[in-house]
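**Student:** The listed protein sequences derive, respectively, from chains V and U. The first sequence lines up with residues 3 to 431 when you count with our numbering. The second sequence lines up with residues 181 to 343 when you count with our numbering.
Please note that a few of the clues may not be correct.
Distance windows between CB atoms, simulated [stated by the list, open to error]: (1) V:Asn280 <-> U:Asp332: 27 to 37 Å; (2) V:Asp139 <-> U:Pro251: 23 to 33 Å; (3) V:Glu237 <-> U:Ser199: 39 to 49 Å; (4) U:Ile228 <-> V:Asp267: 27 to 37 Å; (5) U:Glu213 <-> V:Glu375: 48 to 58 Å; (6) V:Asp397 <-> U:Glu213: 48 to 58 Å; (7) V:Pro197 <-> U:Glu213: 33 to 43 Å; (8) V:Gly275 <-> U:Arg335: 33 to 43 Å; (9) U:Gly341 <-> V:Pro197: 46 to 56 Å; (10) V:Lys36 <-> U:Glu239: 38 to 48 Å; (11) V:Glu375 <-> U:Arg186: 54 to 64 Å; (12) V:Asp139 <-> U:Ser199: 19 to 29 Å; (13) U:Asp271 <-> V:Ser382: 28 to 38 Å; (14) V:Gly371 <-> U:Ser199: 47 to 57 Å.
When the alpha-carbon atoms are kept at most 25 Å apart in a straight line, the in silico SDA-like pairs for lysine to any residue are as follows [unchecked claim]: (15) V:Lys343 <-> U:Asn248; (16) V:Lys266 <-> V:Lys408; (17) V:Lys409 <-> V:Pro260; (18) U:Lys254 <-> V:Gly132; (19) U:Lys189 <-> V:Glu101; (20) V:Lys188 <-> U:Glu325; (21) V:Lys188 <-> U:Leu222; (22) V:Lys188 <-> U:Arg196.
No lab work stands behind these hints: they were computed from the structure. Everything numeric in this text was worked out from a predicted model, so none of it was measured. In this text, a Cβ means the ideal position worked out from N, Cα and C, and glycines have one as well.
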Amino acid sequence: MAEPVRVVSKRFGIPDSHTLGVYLEHDGYVALEKALKSMQPADVIEEVKKSALRGRGGAGFPTGMKWSFVPKDSPKPKYIVCNADESEPGTFKDRALMENDPHSLIEGCLIAAYALGSHTCYIYIRGEYGWVQDGMDAAIREAYEKGYCGKNILGTDFSCDVYTHPGAGAYICGEETALLNSLEGKRGHPRIKPPFPAVEGLYGCPTVVNNVETLATVPWIVQHGGDAFRQLGTEKSGGTRLVSVCGHVNKPGVYEIPLGYPMKDLLEKECGGIRNGNKLKAVIPGGSSVPIITAEEAYSVKLDFESIGEVGSMLGSGGVIVMDETADIFESTFRLVHFYKHESCGWCTPCRDGSDWMEQLFDRIAIGGGRQEDLALITSLGKNIEGKSHCALADALVWPITSSMKKFPEDYQRAIERSRKLLHEPAAV
Amino acid sequence: MLTPEREKKIDELLTRYPSSRSALLPALWVAQEQYGWISLELQKYLAIRLGITPEQVREVVTFYSMYNERPVGKYHLQVCCTTPCMLMGSDDVIGYLEKKLDIRRGQTTADGLFTVSQVECLGSCGTAPMLQVNREKYDENLTYEKVDALVDRLRAQAEGGNG
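Please model the complete structure; the sequences and the hints are all you need to start from.
**Tutor:** Encoded structure:
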């Protein structure tokens with residue numbers, strides 16, 4: 003196979019890649035200049051549409067289409083909001099991007115702002131990434147000093163401000179409407195859609211919310227053309243993307259792959275295989291919210307939206323969680339149930355109370371006293387949670403449970419048997 | 181209630197948004213940086229400072245897990261235990277810390293130096309197990325030896341008075 007093209011990670015590993023000087027030496031702000039000086043805003047949107055770029059945050063919505071929903075004739079100000087609230091378990095690619103290449107994100111924000119007629123961008127960064135925010139702030143200061151941000155950018159009549167904004171530890175703020183509420187200084191409760199943010203978003207104004215990687219990909223598309231990007235991937239899933247691999251592999255980390263890349267190659271070539279020569283047991287292919295797949299499925303699947311869909315899962319955020327034969331799927335799912343219960347924002351009753359009951363059920367099985375009927379109870383409870391709330395957090399709680407019960411029933415059966423034993427045996431002192 | 185530099189920082193934050201309420205989350209960070217936690221008094225002060233109601237501040241403080249509603253140790257050791265970290269042994273790490281510092285998760289050592297907390301995914305899954313001290317850059321790929329070295333370093337830092 004030819005050397006793969008690197009789009010968003012091409013500056014990773016270059017010394018001082020986070021500085022403006024090094025960025026400028028490696029195609030930095032070339033696309034911004036091209037867009038401002040030789041393209042109309044509509045041309046930019048057209049190129050992004052042609053690229054078949056789909057959102058890299060989790061939902062995979064076509065970016066160009068999202069942009070085209072913004073009303074052109076609205077008298078209200080428009081906002082670009084970057085979702086850097088990376089908190090989907092298994093996902094750590096946006097942090098790598100902001101640490102290694104902050105200017106590509108700034109440039110992507112500015113091009114998006116130009117395309118959509120916006121003059122203000124907010125980058126919402128999860129609260130824990132304090133030092134990442136400091137790094138972004140330093141890069142933004144450099145960009146202002148050299149005239150890439152602020153008034154009359156590159157001598158044109160386009161002006162735009164870019165700010166960072168910290169979260170404070172709430173997974174739900176990765177949901178775009180919860181993020182907007184949080185940015186307005188409120189609790190991170192998701193809003194009912196429609197209206198979608200493109201029409202009524204931040205402060206009730208048209209707003210585009212895009213993931214870090216999505217925006218950081220835009221400069222390459224503008225520089226090289228949408229067709230060139232699309233050709234790197236598959237027909238429906240254009241280009242390349244970052245995946246972050248964790249768990250039981252020899253070399254976990256962030257890798258850029260063309261869409262349609264075989265999962266088997268990712269695990270064996272890039273990641274150096276399963277640790278200790280163990281056997282692969284299961285993979286969660288797109289962040290903790292997506293259904294789990296078996297080793298057999300993982301070895302046959304390709305990393306694009308369509309191929310993963312065929313085995314009943316999703317590419318999601320690109321967070322690949324790998325589990326070898328030592329993993330107990332009941333235990334790993336129990337921990338996810340705890341996570342979603344902790345992160346439920348509490349707004350919708352099926353999610354708030356349902357996640358709590360679900361955790362109690364798993365807990366009972368784990369500590370002793372679980373019954374065979376509990377498995378059916380879990381399934382039935384799941385049905386009463388899924389699809390019954392404002393946002394997808396409730397679904398994200400249920401999918402890992404139903405998929406793992408279906409694909410790894412023996413792990414659940416073992417948990418029930420263990421649980422019965424625990425109840426009837428005196429506790430070890 | 182805040183130092184002059186921090187007041188200046190809040191003035192600057194207020195220029196960023198069309199609504200002063202938007203400055204609340206960053207302003208709470210500025211306040212927590214000074215005090216280590218957000219008291220009711222501080223909440224009332226920030227409400228006046230931003231021109232919003234105390235309830236609007238309180239609802240935010242109680243919603244977001246990183247704002248401390250009560251004092252914590254000088255060094256808040258937050259150990260991620262979500263599935264990717266669990267697979268790599270985070271339960272052993274937090275158990276080791278509890279034993280070493282003789283406290284349970286959620287508690288603070290008698291000398292007020294350390295609080296240990298179990299937290300949810302910090303986005304460091306490829307370098308698990310890991311923890312975060314306060315809001316500093318992560319300590320990753322932890323082993324018992326690394327945990328020992330970290331605790332020693334923080335103790336020395338506290339004694340030196342430059343923590």
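**Student:** Between Asp139 (chain V) and Pro251 (chain U), is the Cβ distance one that fits in 23 to 33 Å?
**Tutor:** holds (28 Å)
**Student:** Does Lys266 (chain V) pair with Lys408 (chain V) here, judged by a C-alpha cut-off of 25 Å?
**Tutor:** holds (23 Å)
**Student:** So does Gly341 (chain U) sit 46 to 56 Å from Pro197 (chain V), Cβ to Cβ?
**Tutor:** At 54 Å between Cβs, range holds.
**Student:** Given a hinted range of 47 to 57 Å, is it respected by the beta-carbon distance of Gly371 (chain V) and Ser199 (chain U)?
**Tutor:** holds (51 Å)
**Student:** Taking the beta carbons of Glu375 (chain V) and Arg186 (chain U), is their distance inside 54 to 64 Å?
**Tutor:** holds (57 Å)
**Student:** Given a hint of 48 to 58 Å, does the C-beta separation of Asp397 (chain V) and Glu213 (chain U) actually sit inside it?
**Tutor:** With a Cβ separation near 37 Å, Asp397 (chain V) and Glu213 (chain U) fall outside 48 to 58 Å, so the hint is violated.
**Student:** Run the distance test for Lys188 (chain V) versus Glu325 (chain U): straight-line Cα separation, threshold 25 Å.
**Tutor:** violated (42 Å)
**Student:** Please check whether Glu213 (chain U) and Glu375 (chain V) have a Cβ separation lying inside 48 to 58 Å.
**Tutor:** Holds, since Glu213 (chain U) and Glu375 (chain V) (Cβ atoms, about 51 Å apart) stay within the stated range.
**Student:** Between the alpha carbons of Lys189 (chain U) and Glu101 (chain V), is the straight-line distance 25 Å or under?
**Tutor:** holds (24 Å)
**Student:** Checking one constraint from the list: CA of Lys254 (chain U) to CA of Gly132 (chain V), max 25 Å. Satisfied?
**Tutor:** Distance ~17 Å between Lys254 (chain U) and Gly132 (chain V) Cα, so the pair holds.
**Student:** For the range 33 to 43 Å, tell me whether the beta carbons of Pro197 (chain V) and Glu213 (chain U) fit it or not.
**Tutor:** holds (37 Å)
**Student:** I want to verify a distance hint. Is the separation of the beta carbons of Lys36 (chain V) and Glu239 (chain U) within 38 to 48 Å?
**Tutor:** Holds, at about 46 Å.
Violated hints, in rising order: 4, 6, 17, 20; the structure is consistent with all others.
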